[in-house]
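K.L.:
Residue numbers (our numbering), protein chains in the order written: chain A, 1 to 360; chain B, 1 to 360; chain C, 1 to 381; chain D, 1 to 381.
Because the hints were derived from the structure by calculation, they are not lab data. Careful, some of the hints might be misleading.
Claimed, not checked - Only pairs whose alpha carbons sit at most 27 Å apart, straight line, appear in this in silico DSS-like list of lysine-lysine: (1) LYS164/B <-> LYS176/B; (2) LYS359/B <-> LYS272/C; (3) LYS272/D <-> LYS170/C; (4) LYS263/D <-> LYS212/A; (5) LYS31/D <-> LYS178/A; (6) LYS132/C <-> LYS99/C; (7) LYS302/D <-> LYS15/D; (8) LYS327/C <-> LYS272/C; (9) LYS211/A <-> LYS272/D; (10) LYS45/D <-> LYS191/D; (11) LYS375/C <-> LYS264/D; (12) LYS31/D <-> LYS48/D; (13) LYS29/C <-> LYS176/B; (14) LYS371/C <-> LYS264/D; (15) LYS99/C <-> LYS44/C; (16) LYS263/C <-> LYS212/B; (17) LYS106/C <-> LYS29/C; (18) LYS304/B <-> LYS327/D; (19) LYS272/C <-> LYS239/A; (20) LYS153/A <-> LYS139/A; (21) LYS272/D <-> LYS375/C; (22) LYS359/B <-> LYS212/B; (23) LYS106/C <-> LYS191/C; (24) LYS31/C <-> LYS327/C; (25) LYS304/A <-> LYS304/B; (26) LYS29/D <-> LYS15/D.
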Amino acid sequence: MLNEELRFLKQTIYDFSTKEIAPKALNIEENGIDSDIIFRMVEMGFMGAVAPTEYDGSALDNAGYAVLLEEIAKNSPSLAFYLMIQNSFVIMPILKYGSEEQKRIVIHEIAKGEASGTLIYSDILDTVDDQILTIKDGKISGTKNYVMNSSGKYFILNTNEDGKNRLLLIKSGGSKGKEHAKLGFRGISFSPVSFDTTAGLSDYIGTGDGKKLLSEIIDNSAIAMSAIALGMSESVISKAIEYSKVRYAFGYPLADFQPLAFAMSETYGELNIMRNELYRIATSPLDLQDALTIKHNLIELAKKSSKLAIQIHGGYGYLEDFGIEKFYRDSMFLSVLSGNRVAELTAISNMIFGAEVAKI
Amino acid sequence: MLNEELRFLKQTIYDFSTKEIAPKALNIEENGIDSDIIFRMVEMGFMGAVAPTEYDGSALDNAGYAVLLEEIAKNSPSLAFYLMIQNSFVIMPILKYGSEEQKRIVIHEIAKGEASGTLIYSDILDTVDDQILTIKDGKISGTKNYVMNSSGKYFILNTNEDGKNRLLLIKSGGSKGKEHAKLGFRGISFSPVSFDTTAGLSDYIGTGDGKKLLSEIIDNSAIAMSAIALGMSESVISKAIEYSKVRYAFGYPLADFQPLAFAMSETYGELNIMRNELYRIATSPLDLQDALTIKHNLIELAKKSSKLAIQIHGGYGYLEDFGIEKFYRDSMFLSVLSGNRVAELTAISNMIFGAEVAKI
Amino acid sequence: MDFSISPELEEFRNKVRSFALREFTEELKHKHDEEESYPEEIRKKVFKDGLVDVSKPWEMLITMEEFCRVDPGLGLSSIVSLFGNEILMFHGSDYQREKYLEKVWKGDLISGFAVTEPNAGSDVAGISSYMKNNGDGTWLLNGGKMFITNGTIADIFLTLVRSSPVDVAKKHHGLSMVIVEKNMKGFSANKIKGKMGVRATNTGELSFDNVVIPESNIVGEIGKGFYYVMEFFNISRIYVAAQAVGIAQGALDYILNYVAVNKKTGNDMADKELTSFLIAEVTTRVEAARLLTYRAASLLFKFTPDPVATSIAKYYAAETATYATEKAMELLGIDGVTTDLERLYRDAKITEIWEGTSEIEKLTIARMLIKNKIKEVEQHA
Amino acid sequence: MDFSISPELEEFRNKVRSFALREFTEELKHKHDEEESYPEEIRKKVFKDGLVDVSKPWEMLITMEEFCRVDPGLGLSSIVSLFGNEILMFHGSDYQREKYLEKVWKGDLISGFAVTEPNAGSDVAGISSYMKNNGDGTWLLNGGKMFITNGTIADIFLTLVRSSPVDVAKKHHGLSMVIVEKNMKGFSANKIKGKMGVRATNTGELSFDNVVIPESNIVGEIGKGFYYVMEFFNISRIYVAAQAVGIAQGALDYILNYVAVNKKTGNDMADKELTSFLIAEVTTRVEAARLLTYRAASLLFKFTPDPVATSIAKYYAAETATYATEKAMELLGIDGVTTDLERLYRDAKITEIWEGTSEIEKLTIARMLIKNKIKEVEQHA
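Kindly generate the complete structure, drawing on both the sequences and the hints.
P.N.:
This is the structure in structure tokens:
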């Protein structure tokens with residue numbers, strides 16, 4: 001399905017991911033993404049993967065970017081999600097909505113590994129445990145409970161000023177709270193951040209309603225999230241398949257037992273179908289309905305694959321050292337972070353039904 | 001996904017199916033496929049869809065043939081399956097394994113609507129209620145319990161002669177037993193056929209083991225069966241969607257209820273993914289693993305869609321007149337007729353695992 | 001806790017099972033399915049053999065289960081002539097009890113329960129059949145009913161009608177339950193043909209064209225009809241759950257028989273783990289469905305019906321019936337399509353639809369649980 | 001049939017639930033999860049408060065359920081010091097009962113149950129730890145065990161070992177159960193770190209390097225070890241089922257609380273049918289799992305254990321625990337990842353693995369059902 005250029009890119013990143021990321025994957029989970037890895041990410045051009053070359057980016061298109069995330073996610077979903085935050089959540093919105101100054105400074109710094117950014121988008125997730133930030137007299141205040149990469153330098157966030165939601169790009173200024181217990185993506189910081197600051201940098205980003213812009217940013221990350229889910233599924237089911245060939249029970253390799261073999265090959269088959277669809281979407285003009293649909297399907301598949309893989313690995317699947325259980329946690333966390341599930345299903349339904357439905 | 005030529009073909013067959021088949025669909029279920037329909041099938045070139053023009057066929061390629069079956073199945077799964085029997089089960093094997101005489105006579109007659117044929121392949125289904133036909137002194141004897149289109153003129157069947165399985169093409173000569181109660185595809189005759197005859201026509205077809213040839217024929221029909229399942233799913237889920245917009249409960253159209261809307265749009269989304277994959281496969285060099293995989297997935301989808309559609313239609317979904325329940329029966333029947341499920345899953349598993357697995 | 005069934009009830013179970021295996025012959029099963037005809041002869045035998053005794057609810061439940069296990073069409077038909085009798089039992093006047101109920105109990109009258117309308121299924125309060133007070137002790141009924149079991153064979157119908165103009169905010173007020181007799185002027189019924197399954201049962205569409213309903217045919221209090229129906233669902237849904245358990249068990253019977261037969265003929269299907277998994281999965285769900293059903297029944301039969309338990313049982317058992325017949329077809333494959341399993345597969349699906357679709361059951365369950373939880377949270381607040 | 005729980009048992013349930021809610025503080029739950037440390041202080045309290053009494057099996061079961069409902073890590077840890085005690089109860093000598101069992105019952109000794117090995121999990125008879133008869137009344141044990149609960153804190157281990165050379169055709173012969181003490185020479189244990197969930201429980205890898213086992217430490221008959229383990233699974237799997245029911249109920253608690261809180265804050269989530277369906281579906285499965293578990297337990301506690309009922313309960317309840325925590329996470333979304341639900345989600349999955357994976361449970365169920373059916377078919381033939 002991939003053209004030659006993409007196949008070459010895939011091979012390159014596969015090799016990189018296998019040789020350089022895989023051995024460090026466990027360490028990323030335990031100690032975070034260290035400066036060595038960031039250095040290599042910069043060298044490889046992954047930090048600014050989607051940024052134009054004029055801002056020191058690699059100018060990957062949708063499909064190339066998907067290949068990158070898929071291959072990195074196979075070994076470290078944390079690192080893949082981190083790259084996605086930089087590219088889909090920070091660089092892309094700045095490219096689309098930002099000022100020239102924002103582009104020159106922020107994208108450059110991220111691409112060079114000098115800084116990282118994040119997007120605070122809990123405002124569009126249905127949550128009871130979070131506040132909306134407010135602006136009064138140029139000062140942002142309030143606490144956001146759910147901030148991924150909360151130790152980053154740049155924040156894109158929504159604030160409410162006189163009843164109006166506006167998106168801002170600010171330079172830190174928040175105070176990071178205690179790290180949350182982390183369900184998944186343990187290599188990335190995740191904590192509350194409290195703000196009591198005047199907006200930094202060139203503040204406003206985009207002109208529309210801030211919550212709507214957040215939704216757009218998340219919508220636009222659908223292919224990227226799908227690629228991460230795909231890489232995770234592939235990796236975990238391949239590991240299960242390999243393990244089932246060498247692990248014996250009752251005198252036979254597990255792969256000899258039909259229900260196990262069929263469960264794995266059915267999942268693998270679905271995976272192939274979804275991969276083909278994902279790259280078809282990534283290489284076509286953007287179709288939001290298709291992109292959201294594949295995202296939901298691939299995230300479900302990642303959950304299903306990882307559950308199956310734990311089961312195949314038995315007790316070993318339950319231990320961190322074996323690198324299986326993290327997919328079970330990460331896939332659920334990805335599901336939670338992937339956007340507002342109900343709002344997205346409603347959007348898909350509206351498109352399919354050609355009418356506003358699913359209100360009740 | 002379809003190129004312009006295929007899109008044009010699709011539109012043509014869609015129009016035909018909607019205008020000419022839909023109004024007769026219920027009648028097909030009750031009284032079978034009458035000569036008027038066969039006449040139109042011949043005129044449209046559908047009876048010999050895959051046959052070369054020299055044998056009066058339409059020379060459709062894989063994708064064109066899939067489009068045909070998909071569009072016909074939307075309104076009459078019985079008719080679509082009947083066309084598939086003629087093309088995938090009779091014409092294709094004769095083209096591949098048959099003599100020139102067999103091609104000239106049998107394919108010509110089928111394409112012209114002068115005769116129809118069938119394939120008896122229960123030998124490769126795991127069954128306890130069936131016998132293997134035997135040949136002794138040039139005479140075939142035995143009873144085959146499960147024969148679709150048992151009223152046809154030509155039979156391709158497997159016989160055992162001195163312990164060797166050989167495929168034969170014979171001209172009727174069987175005596176048709178009492179029609180079975182029909183789970184699905186009620187427009188097609190389905191009954192036992194008893195043989196006590198000397199082989200007709202030019203008998204042997206192919207040189208290999210008869211059961212292996214049967215498996216090959218079924219394998220080669222995977223795209224066609226997938227297309228039928230796809231058409232069925234599309235049709236039934238579209239009907240459910242339309243019905244849910246006009247049927248009210250508690251003051252709201254059913255489409256307003258999230259669990260119903262989401263169930264339909266999720267199914268619809270899967271459908272789109274599968275359709276894209278099916279046509280990708282149909283327009284690529286044959287990949288058996290992909291073809292069997294999509295077949296299994298699409299047949300499951302057809303079962304799931306029809307179950308959901310009945311539920312959306314409530315009591316009306318349970319009545320024959322509304323044209324919903326038949327999809328529930330037909331999809332299960334298609335599943336049963338689609339081949340040896342366990343053998344196929346094992347074959348897929350072997351390909352994926354790169355080893356012989358799933359033995360236990 | 002005691003999950004065992006009393007020896008008496010087990011003995012009764014054997015008795016009804018033997019009856020079904022003996023009387024529901026291959027010929028009759030096929031015939032009534034094919035012809036969509038009602039097996040009145042079997043119904044008579046069931047009553048004659050004393051298998052139906054409304055004073056023994058556990059036996060009624062077991063009869064339902066075991067009959068449906070063998071053949072839902074014949075099984076249901078033989079006992080559904082009692083349909084709706086509990087409403088008369090609880091709310092009928094002496095006159096109604098004597099004139100109708102006692103005969104229904106003996107099997108001499110066939111009863112129907114008429115709620116659903118073409119435009120109101122799950123949404124019971126959405127019905128529009130309307131009865132106007134003539135002011136002379138009679139009412140004038142107009143409208144129609146849809147999907148009514150025993151529609152063209154019942155002698156009487158317990159019919160839900162609107163008896164005062166609809167108040168949009170309180171749609172479930174102003175509904176009443178009345179007895180419509182088949183011989184009343186202006187009443188007519190058409191048989192609904194072409195059901196996918198349970199084809200031995202009789203289903204009709206009813207029409208009321210200026211039917212005069214005497215005051216004496218109003219059941220219980222005027223305006224309380226909706227509540228009677230909801231109360232009745234607490235009963236009828238448990239019986240549907242039992243139907244579904246029977247069907248699911250029937251499918252499991254096919255699976256186990258098939259595997260045993262295969263084993264005997266040397267086919268190694270029985271030794272394949274895929275087969276084992278399927279058997280284990282189906283068995284587990286059948287057992288769960290049965291326990292949920294019996295639990296709901298035990299609450300009802302102690303006069304402490306629990307709508308949550310009832311809806312859970314109905315929803316889960318119905319889903320299990322569909323699931324089990326699907327899995328059985330999947331295993332038996334081509335050998336399944338020409339057996340009784342084929343019919344069971346068609347029959348099963350109705351349990352997810354009638355007496356409240358699975359969707360309605362789920363709403364019932366959730367609404368009560370949410371209500372209780374909010375109350376609990378508020379008390380602690 | 002009586003599905004009601006006695007008032008005494010309900011009262012006991014309230015008592016253990018109160019204990020768990022009071023003692024399993026937020027701080028302790030977090031701490032022991034984060035540090036992977038064993039909550040010895042809570043275990044002591046549980047014994048002190050008399051919440052563990054092996055003579056009252058129903059109470060044990062309820063304790064397991066209610067403890068796991070609040071926190072599986074702390075809950076399990078507080079009672080798992082009894083692990084394997086039933087084997088000694090049924091088969092131990094007077095000497096073993098006095099020296100070990102009575103102390104385990106009082107909570108003064110911690111017991112472990114050591115069967116699984118690196119290369120033999122579900123396949124119990126595949127173990128290779130080997131004990132050689134010294135001919136002087138002692139045996140010499142070599143080998144190792146994996147994933148052993150209480151691995152580095154237990155005082156004694158009920159250990160399955162091979163005591164005569166393996167007969168390939170009869171692998172489950174020649175296995176014996178022995179008591180290994182932690183202080184025995186040649187015994188060592190390493191803590192296994194990094195479990196996804198139930199991190200407060202202690203898990204270890206054991207190593208036997210020429211450990212001398214006195215004859216007096218052989219439990220029951222030599223060579224019968226495999227059967228003791230299978231017999232024990234009839235008990236332990238029911239307790240795992242109860243764990244799973246507790247976890248699933250815990251997830252449902254989160255769901256209902258969240259919906260109630262949302263309702264109070266004006267979020268209309270509670271009124272969405274999607275939420276209702278989710279609540280109904282989870283509730284139904286939790287109820288089914290609980291009934292299956294109690295049924296298996298009631299058979300066991302009447303000394304008529306039914307391996308089919310046990311395996312059904314274990315498999316279904318474990319699946320339900322995983323399912324319920326998944327659904328709860330799905331509903332709570334981002335609000336779920338920073339709560340105790342996050343831990344519950346990690347904890348749940350173990351119930352599908354330990355004490356027999358779901359796959360093994362399914363084989364157990366199917367094998368017995370097929371065997372019975374074949375017998376039945378043969379009798380009729």
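K.L.:
Run every hint past the structure and note whether it holds.
P.N.:
Hint check:
1. Our distance criterion of 27 Å between C-alpha atoms is met by LYS164/B and LYS176/B, whose separation comes to about 26 Å.
2. This hinted pair checks out: LYS359/B and LYS272/C have alpha carbons roughly 8 Å apart, not beyond 27 Å.
3. Of the pairs offered as hints, the one joining LYS272/D and LYS170/C holds, with about 21 Å between alpha carbons and a cut-off of 27 Å not exceeded.
4. Distance check on the hinted pair: LYS263/D and LYS212/A sit about 25 Å apart at the alpha-carbon level, within 27 Å; holds.
5. Taking the CA atoms of LYS31/D and LYS178/A, the gap is about 15 Å. The hint holds against a cut of 27 Å.
6. Between LYS132/C and LYS99/C the alpha-carbon distance is near 24 Å, which keeps this suggested pair within the 27 Å criterion.
7. At most 27 Å may separate the alpha-carbon atoms for a hinted pair to count; LYS302/D and LYS15/D meet this at roughly 25 Å.
8. Among the hinted pairs, LYS327/C with LYS272/C is consistent with the structure: their alpha-carbon atoms are about 16 Å apart, no more than 27 Å.
9. Restraint check for LYS211/A and LYS272/D: satisfied, since their Cα atoms lie roughly 22 Å apart, inside the 27 Å limit.
10. Proposed proximity of LYS45/D and LYS191/D is supported: the alpha carbons are some 24 Å apart, at most 27 Å.
11. Between LYS375/C and LYS264/D, the direct Cα distance comes to roughly 11 Å. Compliance with the 27 Å bound is thereby established for this hinted pair.
12. At most 27 Å may separate the alpha-carbon atoms for a hinted pair to count; LYS31/D and LYS48/D meet this at roughly 22 Å.
13. For the hint linking LYS29/C to LYS176/B, the alpha-carbon distance of about 24 Å falls within 27 Å, and the restraint holds.
14. Restraint check: the Cα-Cα separation between LYS371/C and LYS264/D comes to about 12 Å, which is no more than 27 Å; the hinted pair holds.
15. Taking the CA atoms of LYS99/C and LYS44/C, the gap is near 20 Å; set against the 27 Å cutoff, the hint holds.
16. At most 27 Å may separate the alpha-carbon atoms for a hinted pair to count; LYS263/C and LYS212/B meet this at roughly 25 Å.
17. Taking the CA atoms of LYS106/C and LYS29/C, the gap is near 25 Å; set against the 27 Å cutoff, the hint holds.
18. Taking the CA atoms of LYS304/B and LYS327/D, the gap is near 21 Å; set against the 27 Å cutoff, the hint holds.
19. Distance restraint check for LYS272/C and LYS239/A: the Cα-Cα separation of roughly 25 Å lies within the 27 Å cut-off, and the hinted pair is therefore satisfied.
20. With a C-alpha separation of about 18 Å, the suggested pairing of LYS153/A with LYS139/A holds against the 27 Å cut-off.
21. Between LYS272/D and LYS375/C the alpha-carbon distance is near 19 Å, which keeps this suggested pair within the 27 Å criterion.
22. Between LYS359/B and LYS212/B the CA atoms are separated by roughly 19 Å; this keeps the pair inside 27 Å, and the hint holds.
23. Only pairs whose Cα atoms come within 27 Å are accepted, and LYS106/C paired with LYS191/C is accepted, the gap being roughly 25 Å.
24. About 26 Å separates the Cα atoms of LYS31/C and LYS327/C, which keeps this hinted pair within 27 Å; it holds.
25. Proposed proximity of LYS304/A and LYS304/B is supported: the alpha carbons are some 18 Å apart, at most 27 Å.
26. For a cut-off of 27 Å, the pair hint linking LYS29/D to LYS15/D stands: about 20 Å separates their Cα positions.
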